[in-house]
Structure formats: C-alpha cells, structure tokens
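Novice: Chain by chain, the residues run as shown.
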Amino acid sequence: MTMRYITVFAALVALIVGVAMTMGSAFTMRLLVEASAYALIAMGLNIQWGFGGLFNFGILGMLMVGGFAVTFVSYPVNHAFWQSAGPLMLGQVVLGAAIGAVLIWFAHRVQRFGVTGAARGAVIVVAWFIAYVIFRSQMDPAANYITSTSGWVGGLGLPVLLGWAFGGVLAGLIGYLVGKVSLGLRADYLAIATIGIAEILRAVIKNLEWLTRGTLTVSPISWPVPNPQFYQANGADITTSFILARGGFLAVVAVVVLIALFLIHRAYVGPWGRMMRAIRDNYIAAGSMGKDVTGRQLEIFVFGSVLMGIGGAILVSFVGIYDPSSFQPINHTFIIWVMLIVGGAGNNFGALFGGLFIYMVWMLSEPLAQSLFTTLSGWSASQGWGAIPDIETRAVQMRVFVMGLIVAISLRFAPRGLLPEFIKRND
Amino acid sequence: MNDFIFFFNQAIIGGVVLGSVYALGAVGVTLIFGILRFAHFAHGDMMTMGAFIAFVLAGAVAAMGIAFPLPTGFIVVPFAMVIAAVFALGIDKGFYAPLRAHGAKPVTLLIASIGVTMMIQGLIRLIFGVGTYSFFETQPKKLIRIDLPFEGVTRPISFSEPQLLLVLSTIVAVVALHYFLTRSRLGKGMRAMADNPDLAKVSGINTRLVVRVTWVIAGALACLAGTMLALDVSLKPDLAFNIVLPIFAAAILGGLGHAYGAIAGGFVLGFAETLAVFNWAVVLRPFRDALPEWIEIPNTLSLVQSEYKLTVAFVILVVVLLVRPTGIFKGAST
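Residue numbers (the working numbering), protein chains in the order written: chain A, 32 to 458; chain B, 138 to 471.
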C-alpha cells in the first residue's frame, strides 16, 4: 500500500516537473495554485461523500458563496453607499424579513390553536406569501435605490485572509441551511435537491446587482501576498515578478491545504471518523447504537462546506475578478466529483492527489488537444480535404470530453479510486 | 378583451409549450428511474444530441433539394428518433451495463451518468462548436394568427407553427406511450418491473429486453423533445443541459417512476414558470375604473422577476422534496 502512495505521488511530481520544463515556471506556478485550491475543495467533498456518504452536487453554490465573501470583505469601502440612505433602507429590509420570519414561525405552530390538517397547510402557504410580499415591497426599492445612487454596496476593505476565513464561515452557514432542509433525503433525491439549491444560489448571486454587482463583475481583488505589480515596481522583470508573486501565493495556499489535511486526517483516524464511517455504512445500526445520525450528518455537511468556501475564496482572489456568470456546473461541480472518484473517495490523500492531478489534466488537455488537432489538420490538408476550422475553440471543449471519459474509465476499472480508502483493522 | 388575449398568448400558450417539453423529457427520466433505479443525469444531453441528429438529417434533406410544406426538422424527426434510440442503447451497453453487471449501486450509476453528460457535451461542442444554429435558415418560421370574431378585439391569438407541432406531437407521444404501457405485453412487463424487479424476474419477464426497450423509448422521446425545443427556440450545445433540472423537478413532482405523474408534473411546472413571471398588471388594467381610487396598479406586477424564471422550478423542486418527496402521485423511492 505504501508503495502505491509513493508511486502515485512520485508520478505527480514527475508530471509537475515535466510541465515546468515545457510550459515555463510562471504557468506551472499558476497551475499549482489553482490545483491546490481545487484539492482543498476536493477534500471538502471527501468529508461529505467519502466520510459521510452524503451526495453534494451543489459544490458550485459553495464556491460562489466563498468567492462573494472574499470580494465583500477585501474590496475597498464604497463611501458613496455608506453616505447615502442605502444602509437605512437595507435596515428596513432586514426588519421586513424579520416580520415575515415571525409570521412564518407562528404559522408553522398554528396547530397549537386547534388549526390542523389542510387548514394548517393553507395558513402556512398564506403566511409565506405575505412574508414574501412584505420582503419584496422593501427589497425592490432598496435595490433600485442602491444601484442608481451608488452602484453597489462595495466591500469592507479588510485583509484578504480574513475574507478567506469569512468565505469558510459563510459557506458553512449556507451548508447548515442546505443540510437542514435536505439531509432527510437519500442518495439521488439529495443530489437533485443540492443541485437545485445551488442553481437557486447561482441565480440569486448573479442577479443581486446591488450586493455582488452581478454580471458587471468585481475586480481587482487583492492578494494576501505582494502581487506581480509590486515586484515589477521594485525592478523585477515580468517573468520573475510572476514567479515570485505566484510562488508567495502558492506558499500561503499550501499552508492552508496542509493544515486542512492534517486536521481532517486526525479527525478521520480518530473516534469521530470511525463514528462517521459507521453512520455512512449503516445508519440504522449506528442510530441504534445511540448516534445522532441526522445531527452528525449535518456536522459533516457543514465541515465540508467550510473547506469548499475557503477553496472558492482562494480561487476568486487568485484570479482577481469575481464574475458570477463564470461559474458553471461542469467546471465547478462535476470536475470536483471526477477528482474525488479518480483519487479515491474516503481517502484524504486520494482527494489531495485527485485534486492536483485532475486539475492538471483538465488544464493540459487543452494545449494537447490543440497540438493534436493541428497535426490532424495539417494531415487532412495535405490529403486535399481541407484544414479543420476553429481549432482553438474546439480544443477548449476537448477537456470536457476527456473528463467524462476519465470518470467512465475510472468507475469501470478502479471504482474505489487510485488510492482506495484504507481501513485499519485491529484483529 | 385585448388584455385577456395577451394573457392567453403569453401565459397559457407559453405554459403549454414549456409544459410539453418538460413532460416529454420527464417521461424519459421517470421511465429510466422506474426500471433502473437511478437518476439519469445525461438525459438533457441526450435531448441535445437528438436535436443535433435531426439538424444534420434536416441539412442533408435540404441539400438534396427536397422541400416540404412543414418544417424539414419536423419531417426528419422519426428517423432522428430511431438513430437516437440506437445511440441510447449504445450508451447503455458501453457505460451503464458493465457497471450493472458488476453489481454497482444506483449511486455509482448516477456518477457515471455525469461522466456520460460530460462526454456528450464535449463531443457535441467538438463537432459543432459553441455557436447557435437554427432550423429555419432556408425556410421561414410560420406564425399562425387566429382573429377572434368579437367586437373591439384587435389582437389575434398567435403562436408559431413549431409550437403547434410540439404540442401535437406531445399528445401523440403520450397517447402512444399510454397504449404501449397498458395494452402491450412488453409495456405491462415494464410496469411490473418498475413495481418490483425481483417479482418481475421470477414471473418470467425478460428483464434484459425490458431494459433495452426502456432505453429505446427514453432515447426516442429525448430526441423528440430536444428537436421540438430546438425548432421552437434555437439549437445550441447547452440547449437542454439548462433544463435538465426542471425536467427532474417535473419527474419528482409527479413521483419518480410514474409516467403519468411526469406528464402532469411537466405541465404544472410549465404553467408555474410562465404564470410566476407574467405581468399581472396587464390583466388588472381593464378593471382600473372599477377599483377604488387608493389602489394604484403598478407597471409591473409579476410574482417573480423574469431573471428568476428557471428558479421557480428549483424552488418548487425543493419544496416538493421537503414536503412530499414521493410527489403528487406516489412514486418509487430508493
């Protein structure tokens, strides 16, 4: 087993060195930073799916929430907003939402006053409707006012690292709500519910122009370490400045990943991990042993979401632009699943390996496909059939196909991943 | 009266058209779930694939210089459905059948269907690029207008020819499916297997054949739905990927594994979406004089903004999953 770990990670290092030799150090640094962030997200999914057996197809939503958090915390303060009547109007919105929440709370407890059955259902529906109307009547003018007077809310102007942490907290909070409403569902239903909630989150974040600037996008988002422009101002040439700045970023991300890996590995081998595996493998038996199945599942759902939120925040702050419409299910949900399936669900090192490896395959299949197509095109032109049109846009799409093929092959021939879950037995 | 015709054109026709697409898609999803017990995520991409098959066929027919009074894309649908059914069988043979033979859990099949989704999407974009195509580049898209014989009515009821064909072919497909499921031996076998696979097997039903027939029906219906949707709007690689979730919502709303439920769920969702974004102020305007003065009709009075149209389906999906996960009609569960 140890041999396998050494082989797999040695192959990964060889791949990285090979990429650095052919594509240059600056590109490799960028690849490694992004791959590490994806590895962190894959570890988050490993907590949910590998430890707890919980389907989460709403990873995209968590990444968007994390990205929003880092944008909100670290972007400079928008004074035009704070000096306008905007904050006051938002206060009214909160008040309206609170009134609605109280109304709904009472409606759900209406059976204490002797209203039951269909009548109770009707009361609940009416209460939700009234709450919605109250909320909309406050929200719409406030949103219009803010977008017309000050553009958007702006940020808080705090350090980026705080933004990453806030990304984790906010994603954990959303994860708690998502888990609270949907963890009663099993397997396929849970997958569909989480993907539905993620799509709702995506639509909301994309259209809340007053809060996130929506499709107008926010940039630049600062780095926790000096950026290339800083090194360039101090006299470094462009390539060196990118290597230095990205290297610094990579160091910070690597520290975050290693801390997360250390913590979740400790948790996994400890009693907590054993309990989670027991719940995953047989929740009825675990429940009969006195374990709080739903509560524990909620716990892992939140933990996984926290890692995903931090990963999303890191990605957004590295790219430097928050563009809600750039988040796509294939690039931000399905690819994480491919990482975990290939790496090995239930194995933290498998998730780490899968995240790094699959992201590299994803990024490298584009230039590889491009060179393949160029060769093919040259051949077909020499045969008199004409060249292949639009090679560049087609090569970008090749990677989606490659990912699908990888997951199909992996499920068929290595269903437990390259580094399968390792269960220690004391007998 | 004109305002009501506006309401009819916008909300009712829109709801029926959208509902038909959802219903056709949801029937396929629900049949696969009933027989094979997994949520087949690649169904949306099978719809897109079917639409592209029809597009290629229509292009070939048009290149031969044959013209029809109906849209060429509609004429070639039966042939496209046959090809799509063969593709569906091939996908099952290539990716799902080996996993089933290894005794994989439904969850693994669900993940495999994600892989198939990505492969189909990648291939479609690889071959056709990311651009938008139209079935109506060489022939016009006909509009049908019906003037109403009432006094003071200037606005006609209007819809396009593809929309009419979509609704008609949905009705034909649903009736045919109904007779297949209730009258034919195979259809009865399918329903038996959906109810209890083991019992169906020991009763001598050829379950392998049933699985194959399920894929044929699902592939053909997906092709029909995709082509009709592409005829109504336009053809692009993410045509159906964006509506696969509303389709799942429709299937769950009707109860997964329940063919009639899926049809009902599709129409409920179609109407819910169009009614939720409809601007109700238009309908209220004729009563402006009858209302007391202190009530002012705002310019826009829709339940949700139109940006959130698709979100309506997801909200309904989540609410149904929480309140009644078995759907309107009691569906199969895992």
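Derived from the structure by calculation, the hints contain no laboratory data.
As the structure is a prediction and not an experimental result, all values here were calculated from the model.
Watch out, some of these pointers could steer you wrong.
[What the hints assert, rightly or not] Keeping only pairs whose Cα atoms sit at most 27 Å apart, straight-line, the calculated DSSO-like set for lysine-lysine is:
{"no.": "1", "chain 1": "A", "residue 1": "211", "chain 2": "B", "residue 2": "242"}
{"no.": "2", "chain 1": "B", "residue 1": "325", "chain 2": "A", "residue 2": "211"}
{"no.": "3", "chain 1": "B", "residue 1": "338", "chain 2": "B", "residue 2": "242"}
{"no.": "4", "chain 1": "B", "residue 1": "325", "chain 2": "B", "residue 2": "338"}
{"no.": "5", "chain 1": "B", "residue 1": "242", "chain 2": "A", "residue 2": "237"}
{"no.": "6", "chain 1": "B", "residue 1": "325", "chain 2": "A", "residue 2": "322"}
[Stated by the list, open to error] Between beta-carbon pairs, the in silico distance windows are:
{"no.": "7", "chain 1": "A", "residue 1": "326", "chain 2": "B", "residue 2": "443", "range": "37 to 45 Å"}
{"no.": "8", "chain 1": "A", "residue 1": "49", "chain 2": "B", "residue 2": "277", "range": "53 to 61 Å"}
{"no.": "9", "chain 1": "B", "residue 1": "279", "chain 2": "A", "residue 2": "134", "range": "33 to 41 Å"}
[Claimed, not checked] Listing some non-contacts, in silico: residues in chain B with all C-beta distances to chain A over 10 Å:
{"no.": "10", "residue": "170"}
{"no.": "11", "residue": "204"}
{"no.": "12", "residue": "226"}
{"no.": "13", "residue": "245"}
{"no.": "14", "residue": "247"}
{"no.": "15", "residue": "248"}
{"no.": "16", "residue": "249"}
{"no.": "17", "residue": "251"}
{"no.": "18", "residue": "262"}
{"no.": "19", "residue": "266"}
{"no.": "20", "residue": "267"}
{"no.": "21", "residue": "306"}
{"no.": "22", "residue": "320"}
{"no.": "23", "residue": "348"}
{"no.": "24", "residue": "386"}
{"no.": "25", "residue": "424"}
By construction, the Cβ of each residue, glycine as well, lies at the ideal position given by its N, Cα and C atoms.
Novice: Which of the numbered hints are not met once you compare them with the structure shown?
Specialist: 2, 5, 6, 9, 10, 13, 14, 15, 16, 17, 18, 19, 20, 24
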